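> Listed in order, the protein sequences are those of chains A and B.
Position one of the first sequence corresponds to residue 146 (our numbering), numbered consecutively onward.
Position one of the second sequence corresponds to residue 327 (our numbering), numbered consecutively onward.
Any given hint might turn out to be false.
Okay, the calculated bits of chain A under chain B, using three or more residues with CB under 8 Å as the criterion [stated by the list, open to error]:
#1 166–172
#2 216–225
#3 250–263
Far from chain A, by Cβ distances over 12 Å, these chain B residues were calculated [unchecked claim]:
#4 Glu363
#5 Glu366
#6 Ser372
#7 Arg429
#8 Arg430
#9 Thr431
#10 Val442
#11 Gly465
#12 Thr505
#13 Asn589
Honestly, the hints are just simulated from the structure, not real lab data.
Nothing here was measured: the structure is a model prediction, and the numbers come from that model.
Don't be surprised by glycine CBs; every beta carbon is placed ideally from N, CA and C.
Below are the chains, spelled out letter by letter.
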Amino acid sequence: MAELLDFELVSPERRLAKARVAMVVVPGVEGDFGVLPGHAPMMSTIRPGAIAIHEADGGPATQRFFIDGGFAEVTEIGLTILAERATPVADIDVAAVATQLAAARTAGDDAAIARLEAMQAAATN
Amino acid sequence: MPSLKSLKMRITSVKSTQKITKAMKMVAAAKLRRAQEAAEAARPYSVRMAAVMASLASRVTVGPESPRLLAGTGKDQVHLLVVCSSERGLAGGFNSNIAKLARRTLDELLGQGKTVKLMFVGKKARAPFARTHKDLIVGTVDMAHIKNVGFADAKAVADDVVARFEAGEFDVAHLFFSTFKSALTQEPTRLQIIPAALPAGGTAGADASVEYEPDEESILADLLPKNLAVQVFRALLENAASEQGSRMTAMDSATRNAGDMINKLSITYNRTRQAAITKELIEIISGAEAL
Numbered sequence: 146m147a148e149l150l151d152f153e154l155v156s157p158e159r160r161l162a163k164a165r166v167a168m169v170v171v172p173g174v175e176g177d178f179g180v181l182p183g184h185a186p187m188m189s190t191i192r193p194g195a196i197a198i199h200e201a202d203g204g205p206a207t208q209r210f211f212i213d214g215g216f217a218e219v220t221e222i223g224l225t226i227l228a229e230r231a232t233p234v235a236d237i238d239v240a241a242v243a244t245q246l247a248a249a250r251t252a253g254d255d256a257a258i259a260r261l262e263a264m265q266a267a268a269t270n
Numbered sequence: 327m328p329s330l331k332s333l334k335m336r337i338t339s340v341k342s343t344q345k346i347t348k349a350m351k352m353v354a355a356a357k358l359r360r361a362q363e364a365a366e367a368a369r370p371y372s373v374r375m376a377a378v379m380a381s382l383a384s385r386v387t388v389g390p391e392s393p394r395l396l397a398g399t400g401k402d403q404v405h406l407l408v409v410c411s412s413e414r415g416l417a418g419g420f421n422s423n424i425a426k427l428a429r430r431t432l433d434e435l436l437g438q439g440k441t442v443k444l445m446f447v448g449k450k451a452r453a454p455f456a457r458t459h460k461d462l463i464v465g466t467v468d469m470a471h472i473k474n475v476g477f478a479d480a481k482a483v484a485d486d487v488v489a490r491f492e493a494g495e496f497d498v499a500h501l502f503f504s505t506f507k508s509a510l511t512q513e514p515t516r517l518q519i520i521p522a523a524l525p526a527g528g529t530a531g532a533d534a535s536v537e538y539e540p541d542e543e544s545i546l547a548d549l550l551p552k553n554l555a556v557q558v559f560r561a562l563l564e565n566a567a568s569e570q571g572s573r574m575t576a577m578d579s580a581t582r583n584a585g586d587m588i589n590k591l592s593i594t595y596n597r598t599r600q601a602a603i604t605k606e607l608i609e610i611i612s613g614a615e616a617l
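With the sequences and hints as input, model every part of the structure.
See below:
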């Protein structure tokens, strides 16, 4: 299948990625879903987690971004992800996340704990 | 008639002022370019967000169960005016234009017997209101330490506004900022942010087959505070570009005025010098003739 998906990742400050790819796996609030070319139009909110971009058809994930909550929109044209904050998974500092997580746990900040745990899971995966 | 020495000092002083205004103009021009680039880079997100909001709006009917950010509180007694200005002066009419528009709205609302609360982002528009309506000011966000406005800064402002709204502190919120048209023109703008003014959705039939996950209402409830943050962010970026544009124009004309002044002073200086020389010559000649 030579068909490709137009994928766009935008944060409020700038456009982070724009590419034609084979598949993107998105962590939706109601479960992960893969978006392939020709996907039915849909809109979904995203839970904190990593999106995986598969550039080649059937190939491994070539690029992963950690999305701190956001919004995915699939149209006939392609997939657009509106992320409030996005970091390439490779750039996540695992040690820093661990210390922040410990701090959040002692502070009892549930939202931060969930976010950091998801970040840790994405980085170690 | 001013003395030669005082004239010379005047010229030197105007010259150094001109140097400063010229430098400020160039700095503003460089910053303007960067601010414009930031505004440009932020555009895709706000465009997409507006599109999503519009398509959601065409699917959701505003009723009493709708999120309060969209439906409002059902009253319009208490208004919150969020006035965005800069942290620095010397930007021409930039700050006073925003303040003027805010004041007009304030007087109008007070005239209608409404209660008004004021919130400031950036301190420059605060001063004129602090003198006359000190008791109405509920908050000031200090932006002095922020060099380039980030989304996090805008989100902090938006979260503050939403928290106040949820606490029932006000019913309607307006945002005041300056829209950047060009380096020469900036337009003070008033935008209602709560309840959210949804764009009229005319595309209801076109994307009727879109699936929503979770349902439209939850997405909308999730999106409304985000949309607010995006609007504040856009306002701050527009403001940043307008401020630099306004400062550039102001400093350009200040440089030109200083140039004119130097020319005038130089002419006076040269005339005075010539007069003094002529006088001295006349004295010497008439002295020699008398002998």
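> Could you run down the list of hints and mark each one as holding or not?
Here's how the hints hold up against the structure:
1. 166–172: Check failed, 0 qualifying residues.
2. 216–225: That given contact holds, which follows from 4 residues of the segment 216–225 of chain A lying within Cβ reach (below 8 Å) of chain B.
3. 250–263: violated (count 0)
4. Glu363: Not fine: 9 Å to the nearest Cβ puts Glu363/B too close to chain A.
5. Glu366: Violated: least Cβ distance 9 Å, not greater than 12 Å.
6. Ser372: 8 Å, violated
7. Arg429: 31 Å, holds
8. Arg430: 31 Å, holds
9. Thr431: Its Cβ never comes within 12 Å of chain A, the nearest being 27 Å, so this holds.
10. Val442: Non-interface label on Val442/B holds, nearest chain A Cβ at 30 Å vs cutoff 12 Å.
11. Gly465: 23 Å, holds
12. Thr505: 18 Å, holds
13. Asn589: 47 Å, holds
Going through the hint list in order, the structure does not satisfy hints 1, 3, 4, 5, 6.
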